[in-house]
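Trainee: Two chains, two frames, a set of hints: combine them into the complex.
First to last, the sequence lines map onto chains A and B. Position in the first sequence (first residue = 1) + 2 = my numbering. Position in the second sequence (first residue = 1) + 188 = my numbering.
If you're looking for bench data, these hints aren't it; they were derived computationally from the structure. Since the model is a prediction, treat every value here as computed from it, not as a measurement. Keep in mind that the hints are not guaranteed to be accurate.
To be verified - Simulated restraints, written as ranges between beta carbons of each label pair:
1. Pro714/A - Glu368/B: 40 to 48 Å
2. Thr552/A - Arg327/B: 40 to 48 Å
3. Gly507/A - Val423/B: 47 to 55 Å
4. Gly343/B - Asp370/A: 52 to 60 Å
5. Asn551/A - Gln329/B: 44 to 52 Å
6. Ile410/B - Asp638/A: 47 to 55 Å
7. Leu408/A - Gln329/B: 50 to 58 Å
No residue lacks a Cβ here, since even glycine has one placed at the ideal position from N, Cα and C.
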Amino acid sequence: MLEVAVIGAGPGGLSAAARCAELGVDHVLLESSPKIASTIQKYQKGKHVMAEPGILPLRSPIEFDAGKREEILDNWETGIKAVGVKIRYGAEVKSITGEQGNFVITLTNGESLEARHVILGIGLQGNPRQLGVPGDQADVIQYTLDDPDEYKNETIAVVGAGDAAIENAIALANHNKVFIINRKDEFARAKEGNLNLMMAAIDAGTIECFYNSAPAAVELLEGQEFRANLQLKTSTGEANIPLHRIIARLGAIPPRSLVESFGIEFPNSDQNAIPALTSQYESNIKGMYVIGALGGYPLIKQAMNQGYEVVEYILGHDVKPADHDLLANKFNGLPYDLDVDGVLALMQERIPVFAGVNALQFRELMLDSKVLAPAKGAAIFQKNDYTNTFFTILEGSVDIEINAQLRISSGVGSFFGEMSLMSGRRRSATVYAGDQCVVIETPRRSMIKLIASVEAVKRVLDETFIVRTIQQKFAPNTPIAELQPIAARAKIHQYQPREVIFQEGDEADTLHFIRNGSVTVSTFIDGRDVVMSYVPANTPIGEMALLGNTTRTATVTAAVKTETISIDKASFNLLLERSSGLKERLQALVQERHAQNVALQSNTESSDLLSFLMGQGLGEATDVLLIDEDICVGCDFCEAACAATHNGTSRLNRKAGPTFAHIHVPTSCRHCEDPSCMKDCPPDAIQRGGLGGEVFIGDNCIGCGNCERNCPYGVIQMAYKTEAPDSYWRWMLFGLGQKPGKGKAAVVGESSFKQAVKCDMCKDQHGGPACVRACPTGAAMRLSPEEFVDLVNVVR
Amino acid sequence: MHTSFLSHAGGRYFWLALVLIIACCTAYLLDEPHQAPNGGTWLGYTLGTMGALLILWLLYLGRRKRNFIQGWGTVRGWVSAHVYLGGSLLVVATLHSGFQFGINIHTLAYVLMCLVIFSGGYGVWAYVTYPAARNELKRSQTLDDIFMQLEDADGQLKREIGSLAADIRGVVTSAIERTEVGGSLWAQLAAVDHSKVIIDGVVHANPDQVKVVSWLVQRLTIAEGAESKKLAGVVRDYGARQKLLRVIRADIRFNGLQEVWLYLHVPLSFGLLAALIAHIVSVFIYW
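Next up, chain B with everything else stripped away, as it sits in the complex (with noise of 0.2 Å):
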């Protein structure tokens, strides 16, 4: 049956994980080197190498999810591993530090491999978290699903202005029309809605639709007769339009949510190696 990569072989990597911060924190404890514990003594020299060990092998994470054909083991277990034996690395290193922390490259090395682990950290917690809130968010439709259903919802509203009035089928149309979602990233992130409406030819803006909803509403007060019963038709299909955008935006913005950490994630590990190749030829220069 399926498990997620957190329980991957009944959470094996995880009990690794453990072994091996209780194995290095009992041996640094156990340790009395003849200074102060730092990466030079025999146990930060150990600790260090499993460090840097570590971190080529989280890297090549990145190799193995793209070998699709010969890859040994599943991805869902290399994820897995990746996860704890990751997470484990923070104390490793931590440990191979001997809390010995200052303004030099070594620091820079330690600082970005903290800001990797963390982002890894956050990425977990956002592919757990998301992709059952997206699913209940969208009741178990695609994302194209409701974007159907909006295009449907526009033709719908279209139709129904046809027979209304100017100002009605003006303010409906522009709103139609001017309707945004997505945007930069921050737009995205922050579900910003820059939809806009034109209203007796000022453009004014409508986030959330609201505007035009207010004014439909506003205007359903003075109509009167037939015109009265087919705009209560044209606020109750707009508001249903308004709901679906609402479930766009928070879709997108719950993808940008689950995805962005790799923003960070990957270049931050690039630019680890590079200092960690840096701390290690540094170290070695300055014996």
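Pulled out of the complex, with its shape left as it was, chain A reads as follows (with noise of 0.2 Å):
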């Protein structure tokens, strides 16, 4: 029986299968590809692998620092050889069975082995979808390309329609003649560019496809010219297509499945969800651990690390964790004579909402946030502030002042910031510190990992939004402990884009808050819906027929992802009671939407133009540009100006988006509440910060990609730094050097790599964004949702 089974030769299981060698445990390590680390070995051929986080030591047998993929996988392989990792390839497993000192695990090949722990580091990626046809297993069909030149006047099929499969596909078509076979009747899951791409190419007659097709078999052709025949099944009967080679570009089977195969819990169904783990990274059951991405560290030095934590673990020796140190500088100052563990422990035990967290990802928790002991009275932030970050208080008290009227004193153990947290809009109250006061500041990403995977977390999160915002919103002088029993009835629901909140005629019975996302309101108008206003986030809606105690007078559409709090009408008469002057505020508010409704309900152009700034994801922005086409004379100066802004690289194209009306809107980013790019980046590069609230991306971007394929606006890059343009007089008088708003493109070099790059709305240069300062008729503009209304009716 063997010590240690290893499954998945990734940065972290060949960390621990090497520390396994080099004390002369009994190991293996299995993996199902025919190299190790097969998702870096997907990475482009010269691709800059970065080491974040830099702070972090590396702790581990083999080697690892920043370089190219190429030399990191050499050191790898050099690595394992050096110190005797037994390590097996093609190793799929297919079931775990048994419990610590006794775990049977059985390969895809019928072979079984014993082991008495296992350590999972199988990432995220997941295997690639096989054929699944007979013949499937033949070396003739692969599941990765890794550079397309590679191959030349050969028969290639490409079986897929996603983006990968046209990729691939389109690259492929240059030397060879190419195939694709697609199960449906068009490319639906593809980006546009690459469905126009492949649409092109088949009409240029370059790739051939085949509709409505399933393969059926594979059969190998022994000394014939072409190596195999893919058998069709089409929808108008068989068909067989002789070829060199078979790429089959089906996805990945996500390994949450397979995990939770052999026994391991995952808290909830959310797809962010990671299994719970304790601190020394064992799952629920005994003897089984799970280090790396699959346990929520997406990023190479920690995945190392834990590989040689774990062994130590199994061990039984004690180590203190690489991340050690960090958390002890992190904790000097405090006024607690205790270690680390000490702290941590002391830390949950004063502070609820972090209660119910395994210590491990706790430990995580405070390896992102920043310990703080602000001296009494300075502001730990402003209202309206764009920052999200979560503040959980340690020692002393805080004051949140809400408004001149209202200031609420929170003490040990309380938090404050959720609200920017969850609707990604600005800060609604400033907070002064107490005396005394220590506070821990969590960032957004790593509270909303969390969130996603602790229950008790979201809840007691939720919980205090609803009272808080109620409170805020509607009841600021009456005390929390007097509404709770109002949010104890309050709901929390979740839209999708376009979905009805409520019809126009239906009985009004609910009060909504926007929490976060956005809507319009509509009516039906003529035979059609006529859009009439927008509504953002942080905003009260269906206070109207609650109020005069009708019918619904409009219909109400999530614009995007809409989380909304509802307050029946028992409640709402309640507050009403409660709270003097509400039933005054709400009025004027309603006096308000009247008149902006009857202003806009006239008008079906600016309705349809409302709709069009939907449509293009505006109700998710908070700052948007958009160009006026009847001034704009098409000089660029707001794309050389960004570029000459932003290290040559301009961050917006002008020409490229729709328009409507007159109004365009360029392909540039809109800075959404809740972006898109920022929930898969492993160094956690992509922040969102400032008055304007702009999301950008740090100089830490590791150039995976991951934010480009996310934004569904496709408005990041991946580029080059360039170098700083020329001068302008030299430009100017002698014609030397280059245009200003054009940079150098810099060397493709050893050092230089390509990172995400995308609209920062200017926040390092004076005087606002350089595409709108730059702007010689005024066509260019920079809105926040607020204002969509306004431009909706000046247009007119």
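Mentor: Here it is as structure tokens:
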């Protein structure tokens, strides 16, 4: 029986196996693909791999430092050979049964192994989905494509209809005869750019497409010109393609179901959820450990450190985690005579919202967080700041100033800042430090991850959000305790884009408060829906009918993914009773909305324009660049100014993007409330901040391209840094150097690599966004959603 | 919210220019020099200095609009000021001259300045008029979009004529191949169409594609059966292609009219600068 079976030869698995080998522990490393580190193998040739987080020391028997993909893979190959790792390639695990001291690992080829401990380091990529037809194990079939230029003058079939399949097919078509096999009658899953390229290639005849077709079998042809025959089932019958190579791009099977089949539990069905682990990376199954991306640690260095540590833990050695010194430094100034683990335990004990978090997750959370001890009276954040970190109070107290009349004191164990965390909007209050105050500031990304995986945290935050919202927006002078019964009856609702929240003519029984996202208000006139207005987050809707005791006078539809808090009629009436002045304030709001609606109702063009803007995703924007085509002279100074102020690459494309009436939406960042780009950034390089709420990408970007793929608006590019522009006067007087606004592309060398770039709203420039400042005619404008309705009114 | 350069900051520079003009005119009317009004009086020197400084500042717009990094204010504000104060220069300089003109370097500078101002005036009009006209013409599409539609239309026509008689194929193919857009500055501004077509081995001019359309319509009268039906489709699609070409030509023309003034305005400004230097130097030499 083996002491340790390591599954997955990624950075974590390699490091774990190497540590076993170094210590002479009987082990095996099982890897399903034919090479180590399959995720990194898939990176493009020569890609620069970064070693974030820079402050974390590496602890592993094998080397790792930032550098080219090839060098890193070479280092690892030599590293595991040098220490004598026992690795088995092509060994795909089908099931794991048994318990600590006696696990049975069965492989897909039927073989089984026994081990006392199992370390899972299988990452999140999953194994590529196979063709699933007779002959699909043949070596003419491959599931990845490293370098399309490797193949020339071959006949190749690409199976699949996603972006990967299209990109491969188009790249291969330069030198080969390419078929693409599509199960459906269109390329519905592809990005628009890829779709256009594919359609053009099919029209031009460079790629031949089999629609409504699926592979039926692969037969090898011996000693002939073609290596195999691909049999297809098409809508009109059978077809045969003699070919040299089949590239199957059918996506990957997410590892979660496999991991669950081993018995490992996830806290909920959220796709971002990570299995609950102890501080020693042990899962709910004793003796089974989870490291790396699967355990919520997407970075290479973290995974390698965990690989080392987990072996030490299995052997019962008491090692401090690699991040120990970092935490010790962070806790340095605290008034406690405790070691790192002691401080962490104290924090969890004092702060109820963190009580249900497991030790490992909490440790990670604290690594990302800052411990601050602001002087008494100092502002921790200001009302209308665009920050969205989350604060908890470890010592002392803070004063939360919602408005001039309302100042609430909050003590040890409570939290604040959750409103902006949840809504992605500006801070709704100013918070001042009290006496002897120590607070923990946690970044948004870490909190979102925590909320996704710990149900209790989500519940506590939601409850607090509701009661504080009710207090701030409806009953500022009523104490929280009195509002609790109302809050308890309030509900949180989620709506998908274009889902109706309530319909014109419905009975008015609830008031909704938009917590995040935004909605459009429309009414049915002359046989069609006319959009009258747009309502952003942090605003109540539906109060009109509730106040007047009538039916709904308009239909409210989610413009983007939206969450609302609903308050029923009885609670609403209770609120009106308890909070003096609320009725008057709501009536004033109703009047204002009536006036706006009447103004817009009569004009279908402005309604269409509003619908168009919403259709362009502006409902989730916080700041967007629009161009008035009736004034734009097409000089492209906006682009030149953007390039000149941003290392030579313009982050906006003026010509691209749609136009309606005369309002043009160029391809440029909308600074979404809940940015898709931020969702999967391994080094957490994409941040939101400043007074403008700009979403920007920091220098620690590792160039992985996730954000570029995740952005639904195509506004992120991968670009090399360029040199500073030349002197204007040299260009002007002598024609030397480059025209202003055109940077020199940097030499593609050893140290240069592509990083993600996007609009940062010129946060480092004086005087605001360069695109707008450089526009000679006034056509370029930047708007926040609140201003859309004004724009529509002005436009008429 | 957004405003055009003309109404920047509530027309601040319009009012500034107006005040400047009124002040200069009042000073001119009140001034009673010992000689006929000219550039050499106390007021003449004052107006001349103001004019020369204004010219230098107006020229500096070329630098400011390319300074994307540190520039003070917005380019829109600068353009607004450039337009109104540039217009007021006409009054300042004319009063400076005391209406004394002749055939000399001084009047040359004045004439050049007028040409610069008038070309700029045209530019203002063009910038206000043409973008909206072009947007309406193209129905909110870009010129690239329309070129793409033309490409599609060409492909569609080529497929349609594939099964038709050789004479039709010859005419339509040659008409597509010999379609021209753009060309010289004059061809762009006047939207002249130099397109050709080959009919029976002879090259004909085909302005606005009318030669081909009329040939196709005539050919349709002698077509029969299935050919007639297909040819009718070709005629319809050729008509659509003709419309696209008209939009493209009109847009190129508008674009030319919108930008052409800069080819006078900028070189003349430098000419003016040279003449201005000569004017100032000569005045001091011949004092």
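Trainee: Look at each hint and say if it fits the structure.
Mentor: Right, here's what the structure says about each hint:
| no. | hint | result |
| --- | --- | --- |
| 1 | Pro714/A - Glu368/B: 40 to 48 Å | holds (41 Å) |
| 2 | Thr552/A - Arg327/B: 40 to 48 Å | holds (42 Å) |
| 3 | Gly507/A - Val423/B: 47 to 55 Å | holds (52 Å) |
| 4 | Gly343/B - Asp370/A: 52 to 60 Å | holds (55 Å) |
| 5 | Asn551/A - Gln329/B: 44 to 52 Å | holds (49 Å) |
| 6 | Ile410/B - Asp638/A: 47 to 55 Å | holds (52 Å) |
| 7 | Leu408/A - Gln329/B: 50 to 58 Å | holds (53 Å) |
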